[in-house]
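Asker: Letter by letter, the chains look like this.
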Amino acid sequence: MFQKKRNTFHGGVHPYEGKELSKDKPIVKAQPGNLLYYAVSQHIGAPAVPIVQKGDHVKAGQKIAEAGGFVSAPVYASVSGTVKGIEKKVSAAGSPVDCIVVENDGLYEKETFEECPHWEKLDADTIRNKIKEAGIVGMGGAGFPTHVKVSPKDPSAIDYILVNGAECEPYLTSDYRRMLEDPEKVIGGLKIMLHMFPKAKGIICIEDNKPDCIAKFCELVLPGDNIEVLELKTKYPQGAERMLIYAATGRKVNSSMLPADAGCIVDNIDTVTAIYQAVRFGEPLMSRIVTVTGDAVQNPCNFEVPVGMLLSELLEQAGGLKNEASKIICGGPMMGKALFTMEVPVTKTTSALTCLTEDEVSALAPSACINCGRCVSVCPGQILPARLSVFAEHGEEEKFLKYGGMECCECGCCSFICPARRPLTQEISSMRKVLLAKRKKK
Amino acid sequence: MNGLLHVSSSPHARSKVTTDKIMFAVLLALAPAACVGVWNFGLRALLLIAISMAVCPLTEYLYEKGMKKPVTIADGSALVTGLLLAMNMPVQAPLWMPVIGGVFAILVVKQLFGGLGQNIMNPALAGRCFLLISFPGHMTNFAAPAAAHLVDTVSGATPLAAAKAGEQVNLLSMFLGNTAGTIGETSALALLIGGIFLVCIHVIDLNIPLIYIGTELLFALLFGGHGFDINFLGAHLLGGGLMLGAWFMATDYVTRPITKKGQYIYAVILGLLTGVFRIFGNSAEGVSYAIIFTNLLVPLIERVTVPVGFGRGGKKKA
Numbered sequence: 001m002f003q004k005k006r007n008t009f010h011g012g013v014h015p016y017e018g019k020e021l022s023k024d025k026p027i028v029k030a031q032p033g034n035l036l037y038y039a040v041s042q043h044i045g046a047p048a049v050p051i052v053q054k055g056d057h058v059k060a061g062q063k064i065a066e067a068g069g070f071v072s073a074p075v076y077a078s079v080s081g082t083v084k085g086i087e088k089k090v091s092a093a094g095s096p097v098d099c100i101v102v103e104n105d106g107l108y109e110k111e112t113f114e115e116c117p118h119w120e121k122l123d124a125d126t127i128r129n130k131i132k133e134a135g136i137v138g139m140g141g142a143g144f145p146t147h148v149k150v151s152p153k154d155p156s157a158i159d160y161i162l163v164n165g166a167e168c169e170p171y172l173t174s175d176y177r178r179m180l181e182d183p184e185k186v187i188g189g190l191k192i193m194l195h196m197f198p199k200a201k202g203i204i205c206i207e208d209n210k211p212d213c214i215a216k217f218c219e220l221v222l223p224g225d226n227i228e229v230l231e232l233k234t235k236y237p238q239g240a241e242r243m244l245i246y247a248a249t250g251r252k253v254n255s256s257m258l259p260a261d262a263g264c265i266v267d268n269i270d271t272v273t274a275i276y277q278a279v280r281f282g283e284p285l286m287s288r289i290v291t292v293t294g295d296a297v298q299n300p301c302n303f304e305v306p307v308g309m310l311l312s313e314l315l316e317q318a319g320g321l322k323n324e325a326s327k328i329i330c331g332g333p334m335m336g337k338a339l340f341t342m343e344v345p346v347t348k349t350t351s352a353l354t355c356l357t358e359d360e361v362s363a364l365a366p367s368a369c370i371n372c373g374r375c376v377s378v379c380p381g382q383i384l385p386a387r388l389s390v391f392a393e394h395g396e397e398e399k400f401l402k403y404g405g406m407e408c409c410e411c412g413c414c415s416f417i418c419p420a421r422r423p424l425t426q427e428i429s430s431m432r433k434v435l436l437a438k439r440k441k442k
Numbered sequence: 001m002n003g004l005l006h007v008s009s010s011p012h013a014r015s016k017v018t019t020d021k022i023m024f025a026v027l028l029a030l031a032p033a034a035c036v037g038v039w040n041f042g043l044r045a046l047l048l049i050a051i052s053m054a055v056c057p058l059t060e061y062l063y064e065k066g067m068k069k070p071v072t073i074a075d076g077s078a079l080v081t082g083l084l085l086a087m088n089m090p091v092q093a094p095l096w097m098p099v100i101g102g103v104f105a106i107l108v109v110k111q112l113f114g115g116l117g118q119n120i121m122n123p124a125l126a127g128r129c130f131l132l133i134s135f136p137g138h139m140t141n142f143a144a145p146a147a148a149h150l151v152d153t154v155s156g157a158t159p160l161a162a163a164k165a166g167e168q169v170n171l172l173s174m175f176l177g178n179t180a181g182t183i184g185e186t187s188a189l190a191l192l193i194g195g196i197f198l199v200c201i202h203v204i205d206l207n208i209p210l211i212y213i214g215t216e217l218l219f220a221l222l223f224g225g226h227g228f229d230i231n232f233l234g235a236h237l238l239g240g241g242l243m244l245g246a247w248f249m250a251t252d253y254v255t256r257p258i259t260k261k262g263q264y265i266y267a268v269i270l271g272l273l274t275g276v277f278r279i280f281g282n283s284a285e286g287v288s289y290a291i292i293f294t295n296l297l298v299p300l301i302e303r304v305t306v307p308v309g310f311g312r313g314g315k316k317k318a
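So the sequence lines, in the order shown, correspond to chains W and R. According to full-length UniProt numbering, the first sequence is numbered sequentially starting from 1. According to full-length UniProt numbering, the second sequence is numbered sequentially starting from 1.
Because the hints were derived from the structure by calculation, they are not lab data. This structure is a prediction, so every number in the text was calculated from the model and none was measured. Wrong hints could be hidden among the right ones.
[Claimed, not checked] Which stretches of chain W does chain R cover? Using the computed rule of at least three CB atoms under 8 Å from a CB of chain R, they are:
| no. | region |
| --- | --- |
| 1 | 10-20 |
| 2 | 49-57 |
| 3 | 253-259 |
| 4 | 330-337 |
| 5 | 365-372 |
| 6 | 376-383 |
| 7 | 395-406 |
Where is the CB? At the ideal position from N, CA and C, for every residue including glycine.
Chain W extracted, bound-state conformation:
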């Protein structure tokens, strides 16, 4: 059957990338401070249940909280030290979450991990279990437990394993550095996934603003690997799951479908690396790459950060602020969360800390919609943000649903492009939250 390969999607925007600030900075290890805070809820699903007591001694890589259900993930200590108890800390989203506090003894004693050099002899269920035990979640930002993703109803219906190396979010370079510095681990992780789904083909998807990564993977992937390196057009939000699937396979996934319904599993670069570490070396997920960047930061850089470290400590290690920051974002400017404090612990899904001297949002007040249609032409969900935001504002739920409001992926393109500076994404997303909560109740 004729199937045209698209390497992009409909809509999207080109915000200022800002990647040059940190893209050439090799990953360095961040030094954790005295206290580490492990949030029990670092993923979508039930919070993890603490299994350590105050006063317990823990080693790096020791499980400190157990998965609280099937859609949940365990949490591991990233340093050795003493458990100080459970304390509430503000999360990046701004709400307090329970955190297990560990006092770092500075010795970094590690748990012994069970290596497995011949993972190709393991069956899919054993690998799935290893992924589950390692506490791996989608590290692109959503934090969906990976073992759930790799447990589709019909494993034989999976045709594609997509590795998401688009990194379309402005300023972020954590995936870029990972691809450049650890491409073998990425390929290794993908091979493990392909081993679990023998009928599937692997595609490593990278935007064309990272030609060095594309070249590296093309060089490392062998002809018999069943892996394709796909160059995608650079456009935000290319890394959004549904847009990535469309660009790579031409298949369309709507809001009520899972990628597996279209025969696809999509995993982020860091997630695939974590799968490799977990299956090959038995290492649980204890650290991740975080980009500290923005025009207010002294030395923008990429850190390998132990989970549980505070963002304020991380910023200090990047030299602190050189200019006064007016906005500090956990994540990138398009989908990240603005912080009011930096006493926020790094979680498995923290991809960046972006400190900006100028807040573009408060620079200009919203004005009347002139119906220019820019939001419509950039919307990757192909809906009408201008209309939906009005329905949301007026609480017209029926119309909101009729106009496909649930198809919104909250990428922020409409708010970005709006010449009247209207908070379209924000209005639509709050209405979606209300409707999703109602749907759950039913």
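Following the hints, complete the assembly by docking chain R onto the known chain W.
Answerer: Chain R alone, transformed into the frame defined by chain W:
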């Protein structure tokens, strides 16, 4: 860190294009045609433009002050309305006409419907139609270009009216603009320059002007009674308000459908109606009424062109 941090929900980045920049781009794009108008018709044209461009923002200012609303004249939309209104008037129009037209356009058509973005008709065109109905004599008193150095064969009647009466017209002077007509509509060249400028800077899309003009020409070809007559079709293309209307008024954001599909339907209706008015109507002109009327159909068009969303509709996957 001393100052408090700004907190808002994502996205935190904003494009540099804002409403006022778009409005000023439109003013800039209208400038060539307005200049040709002043060159052709003399300083009186400039005076009419100045009055109209002063009255429109002033009306908006007074209304908003009076209603204790935030004053929005800095967005430039009232200036655009003012300029378009003047460009839609003949140079012989009395000086009080842009005042009445401007007040009507801004007060009744724009502000009483809720201000910028809420009007259901293009304010400048509604102002023009209001004047046309109230003072038909003044509004159809077209003078030939006054500039002494320009010699024009058509005087009094617009070339489009001449073509309707079966006369041959000079297409080159229609293209350049030294013919009779309203201040801003005569020069197809200057309007094209402005229109293409707006397309290049992504303020408007080609779809509405091209489909509108294409449909109108097709209609004139089929029902004009002249068959494939270059002179007649050329008069339809370059004459009357088609160029000004298609590039600058049919593309008005507020009063055209928001989806591409809706815009196609809208442009086709515009072309058909303009053709009907021009060929079967009393007057040779039909652009203004066609646009105003189609503006009113936009809510209906939008109702039937609601998109289904990415991955929705089409064949259900088994």
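Asker: Count the residues of the region 10-20 of chain W whose Cβ falls closer than 8 Å to any Cβ of chain R, and tell me whether that reaches three.
Answerer: holds (count 4)
Asker: Holds or violated: the region 330-337 of chain W covered by chain R, criterion of 3 or more residues with Cβ-Cβ distance under 8 Å?
Answerer: holds (count 6)
Asker: Per the coverage rule (Cβ-Cβ under 8 Å, at least three residues), is the region 395-406 of chain W covered by chain R?
Answerer: Coverage by chain R holds for the region 395-406 of chain W (3 residues, Cβ < 8 Å).
Asker: Verify the coverage statement for the region 376-383 of chain W against chain R, using a C-beta to C-beta distance below 8 Å and requiring 3 or more qualifying residues.
Answerer: Answer holds; 6 residues pass the 8 Å Cβ test.
Asker: Apply the coverage criterion to the region 365-372 of chain W and chain R: a residue qualifies when its Cβ sits closer than 8 Å to a Cβ of the chain, and three qualifying residues are needed.
Answerer: The restraint on the region 365-372 of chain W holds, since 6 of its residues have a Cβ under 8 Å from chain R and three suffice.
Asker: The region 253-259 of chain W covered by chain R? Criterion: 3 or more residues, Cβ-Cβ distance below 8 Å.
Answerer: holds (count 4)
Asker: The region 49-57 of chain W covered by chain R? Criterion: 3 or more residues, Cβ-Cβ distance below 8 Å.
Answerer: violated (count 0)
When the structure is compared with the earlier hints, a violation turns up for hint 2 alone.
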